[in-house]
Amino acid sequence: MHPIIITVLQRLALGILTLFLVSLVIFLSLDFLPGDFGEALLGQSAREDTVAAFRKELGLDRPIMIRYFDWVGGVLTGDLGSSFSGRNASGIDRSRTVVDLVAPRLSNTLFLALTAAVIAVPLSLFLGITTALYRGSFYDRAINVTTLTTISFPEFFVGYILILILATLYPVFPSLANIEEGSPFLDRLYKIALPAMTLTLVIVAHMMRMTRAAIINLLASPYIEMARLKGASASEVILRHALPNAWAPIATVIAFNLAYLVVGVVVVEVVFVYPGIGQLMVDSVTVRDVPVVQACALIFAATYIILNLIADIIGIITNPRILHPR
Amino acid sequence: MKNKTIDKKKILLSMSNIHIEGFADERWHKIIKGIDLTLYRGEILGLIGESGAGKSTLGLAAMGFARPGCRFTGGEIIFDSMKLHDMSENQKRKLWGTRIAYVAQSAAAAFNPAHKLINQTIESAVRSKIKNEEQAVKDANHLYKELQLPEPDKIGFRYPHQVSGGQLQRVMTAMAMSATPDLIIFDEPTTALDVTTQVEVLASMRHIVEQYNTAAIYITHDLSVVAQMADTIKVLRYGEEIEQSKTNEMLSHPKESYTKSLWSVRSIEKQEKTNDDIILKVDNVTAAYGSSKVLFNVDIRLPRGRTVAIVGESGSGKSTTARVITGLLPPLNGKVTFNGKTLPAALKNRSKKELQKIQMIYQMADVAMNPKQTVSEIVGRPLEFYQGMKGKVLDKKTIELLEMIELDESFMDRLPNELSGGQKQRVCIARALAAEPEIIICDEVTSALDQIVQEGILKLLMRLQKELNVSYLFITHDISTVKAISDEVVVMFQGKVVEQGSKSSIFSPPHPEYTELLLSAVPEMDPNWLNNYLNSRK
Numbered sequence: 001m002h003p004i005i006i007t008v009l010q011r012l013a014l015g016i017l018t019l020f021l022v023s024l025v026i027f028l029s030l031d032f033l034p035g036d037f038g039e040a041l042l043g044q045s046a047r048e049d050t051v052a053a054f055r056k057e058l059g060l061d062r063p064i065m066i067r068y069f070d071w072v073g074g075v076l077t078g079d080l081g082s083s084f085s086g087r088n089a090s091g092i093d094r095s096r097t098v099v100d101l102v103a104p105r106l107s108n109t110l111f112l113a114l115t116a117a118v119i120a121v122p123l124s125l126f127l128g129i130t131t132a133l134y135r136g137s138f139y140d141r142a143i144n145v146t147t148l149t150t151i152s153f154p155e156f157f158v159g160y161i162l163i164l165i166l167a168t169l170y171p172v173f174p175s176l177a178n179i180e181e182g183s184p185f186l187d188r189l190y191k192i193a194l195p196a197m198t199l200t201l202v203i204v205a206h207m208m209r210m211t212r213a214a215i216i217n218l219l220a221s222p223y224i225e226m227a228r229l230k231g232a233s234a235s236e237v238i239l240r241h242a243l244p245n246a247w248a249p250i251a252t253v254i255a256f257n258l259a260y261l262v263v264g265v266v267v268v269e270v271v272f273v274y275p276g277i278g279q280l281m282v283d284s285v286t287v288r289d290v291p292v293v294q295a296c297a298l299i300f301a302a303t304y305i306i307l308n309l310i311a312d313i314i315g316i317i318t319n320p321r322i323l324h325p326r
Numbered sequence: 001m002k003n004k005t006i007d008k009k010k011i012l013l014s015m016s017n018i019h020i021e022g023f024a025d026e027r028w029h030k031i032i033k034g035i036d037l038t039l040y041r042g043e044i045l046g047l048i049g050e051s052g053a054g055k056s057t058l059g060l061a062a063m064g065f066a067r068p069g070c071r072f073t074g075g076e077i078i079f080d081s082m083k084l085h086d087m088s089e090n091q092k093r094k095l096w097g098t099r100i101a102y103v104a105q106s107a108a109a110a111f112n113p114a115h116k117l118i119n120q121t122i123e124s125a126v127r128s129k130i131k132n133e134e135q136a137v138k139d140a141n142h143l144y145k146e147l148q149l150p151e152p153d154k155i156g157f158r159y160p161h162q163v164s165g166g167q168l169q170r171v172m173t174a175m176a177m178s179a180t181p182d183l184i185i186f187d188e189p190t191t192a193l194d195v196t197t198q199v200e201v202l203a204s205m206r207h208i209v210e211q212y213n214t215a216a217i218y219i220t221h222d223l224s225v226v227a228q229m230a231d232t233i234k235v236l237r238y239g240e241e242i243e244q245s246k247t248n249e250m251l252s253h254p255k256e257s258y259t260k261s262l263w264s265v266r267s268i269e270k271q272e273k274t275n276d277d278i279i280l281k282v283d284n285v286t287a288a289y290g291s292s293k294v295l296f297n298v299d300i301r302l303p304r305g306r307t308v309a310i311v312g313e314s315g316s317g318k319s320t321t322a323r324v325i326t327g328l329l330p331p332l333n334g335k336v337t338f339n340g341k342t343l344p345a346a347l348k349n350r351s352k353k354e355l356q357k358i359q360m361i362y363q364m365a366d367v368a369m370n371p372k373q374t375v376s377e378i379v380g381r382p383l384e385f386y387q388g389m390k391g392k393v394l395d396k397k398t399i400e401l402l403e404m405i406e407l408d409e410s411f412m413d414r415l416p417n418e419l420s421g422g423q424k425q426r427v428c429i430a431r432a433l434a435a436e437p438e439i440i441i442c443d444e445v446t447s448a449l450d451q452i453v454q455e456g457i458l459k460l461l462m463r464l465q466k467e468l469n470v471s472y473l474f475i476t477h478d479i480s481t482v483k484a485i486s487d488e489v490v491v492m493f494q495g496k497v498v499e500q501g502s503k504s505s506i507f508s509p510p511h512p513e514y515t516e517l518l519l520s521a522v523p524e525m526d527p528n529w530l531n532n533y534l535n536s537r538k
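As you go down the protein sequences, you meet chains A and B in turn.
Note that our numbering has the first sequence beginning at 1, numbered continuously upward.
Note that our numbering has the second sequence beginning at 1, numbered continuously upward.
Honestly, the hints are just simulated from the structure, not real lab data.
The beta carbon of each residue, even a glycine, is placed where N, CA and C say it ideally should be.
Do not rely on the hints blindly, as some may be mistaken.
Stated by the list, open to error - Here are some chain B residues the structure puts well away from chain A; computed CB gaps all over 12 angstroms:
hint, residue
1, His207
2, Ala322
3, Gln373
What the hints assert, rightly or not - From the structure, some residues in chain A lie toward chain B, with a derived Cβ separation under 7 angstroms:
hint, residue
4, His206
5, Arg209
6, Pro222
7, Tyr223
8, Gly231
9, Pro244
10, Asn245
11, Ile317
12, Pro320
13, Arg321
14, His324
Isolated chain A, as found in the complex:
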């Protein structure tokens, strides 16, 4: 077997192990949170036996390890359990399954994340490469200052500024991104324009600066001098000789920012009233809806692990020493 396949399989196994450990941490830490759904729903004044009966109905009275394996078993078969909410004290169960609750929210979040990524990643690569090419120029400094400025403000501030300019002063885009199921694709795109822009402004600086730094770092290498002395133009030097050796650090920082787009967007969701998974998680935490919180946390963890795994693999396969062993 090619050693690279072995390495990738090793990373994959490590990723799965990490995910397993994370699931344990999520489950245990939620269990140790003070208060529970029973108390939250029935109120502080509820009688103890009522709470106990309710807990029993939810299965919360079973030993923790059993509940954990029950949950993991469910996750592996695609069943994330039922939400606690929708039940009430009178015993009527209108609860929905966690999958039903989470799936539309997740797809909304992924839609926004993907849109922002499709703009931000090529943009940062382009800016990173061109600023490296014209380093020290006015262009370089202008881009650096601008991106640093946008990353320095908190994202809600950037969001409100965009609303002020593009929704209030010049009403080009809607300030609310309250998309609904079944609305046409273009309509959705139009509605999420401002949140997507906000996210783009927040993540471009990081990726662009890393791209620039990774390339400039290589420009002092003897093989770059050699390339110049072989008559390569400045853009050839960067694109053909520096960039292929810079993918590993660039991929890492891109993965980090893409993960942020999925798991870190709750503030932006709140600002634009966007029905994403971040809001769902925050709401569920306030009502102690543990199955939903667990599912969200697990999705966030998986996002981080998968994206970093991909970055790792890109780092490996763009390293000719590993791809083509002696």
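Once you've looked at the hints, dock chain B against the given chain A.
Showing chain B alone in chain A's frame:
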């Protein structure tokens, strides 16, 4: 003789009154101070001098190129009636790689790790549309063959890390030749190679430039190498020309005293002495890094107060042997005996006394010292650690040690980066002496130094041996250093000891096969040496 034609009527390159400055320590320094240079078509000019002489800077200036941090401040560079000094970077780029090519010192660093060799070889020729890709690949394979690379049709499809250093250096020559340039700048192309590899690379480089009648500037600090390559030799020092003449003349009748001093560096002679009092014995040692064995049943004896040189190429196990002796790498098998007692295999099991008696000096003096510590801290630390000295006594002893290594009190407060290469190595020697060792292991201690500085360090080491009766285990790949300082010689090859014996017995025939190869591959200061060497192999 070299069978080629130098057309004295056709000047290819003429540089006049070149001035170049470099930026360092917040100001501009003069690197090249008004040098003239004329090169005819087909001529090979050797540029020699010590580090800092401005050889590489001048070589690159011949392409109209100044490294980042350097600038031209005057002079004219006329290449084939084009004024390089007036041309824009874009205009010069059209010449680079096609009419003037460059061969760098470290092939391993000068190849882009991300691309196959063939793509890098033909890059210039294809970009400039001198030939199409198919033709360029065909020509490159032909060049690979002429340069005696193995599997010339396939080697181009490998990546740089997949071929050896000597092969890479030849591929780089092929890369330079790919667009059949008029001029090649060779910048110390064999310095990083082992001596047996160097001779092969030299032979193939000379063959190819003769074949295509390419003019070349050959930069090196090694006189015997330049003697094999150049028609004319120019000697540089501190950015100025010392003298220039035909190779034969230069070798037989150097005019300037500086040139003579370069020539006479290897004049150290030492009467070999033996001694039956063996202070250190390496006994049947086998050692490995991880699962790969690197030493096989190594036996070495070091007589008290004598110098044993371990000689061999890179990868022969010289430094690993030193690591086993010092306890950094516990061996799988065998033992190290010091003064008749077996030393614990691992460093952490050795007593302070045992550690004190065996000291090391390294090749890279600048990385072997903490850059944030002053000379007095560096030298004083072992005095404090091993001998518990403090205060005035410590200072006095530190100064004494500095005087032993021919420095003085004024160096006490200097930091390593305020010292020259030779001074750094002297401080490292003082640090080793501070422990009052019985054995000093010198690992390539002169390899990074210029010849004149090397001579000073070797003389110092010999004087210290006389005064202190310390024993040296001297690791080197340089045969002339071995000749200069050793009493006994150990020849190593691929982790095994080929032979150990007195200097005179090792250097007089008959030799084992490998010793013969090693000794015969050392270039001599004779322009016909390479021809004779190649003829004798046929």
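Query - Violating hint indices (sorted, rising) - result: 4, 5, 11
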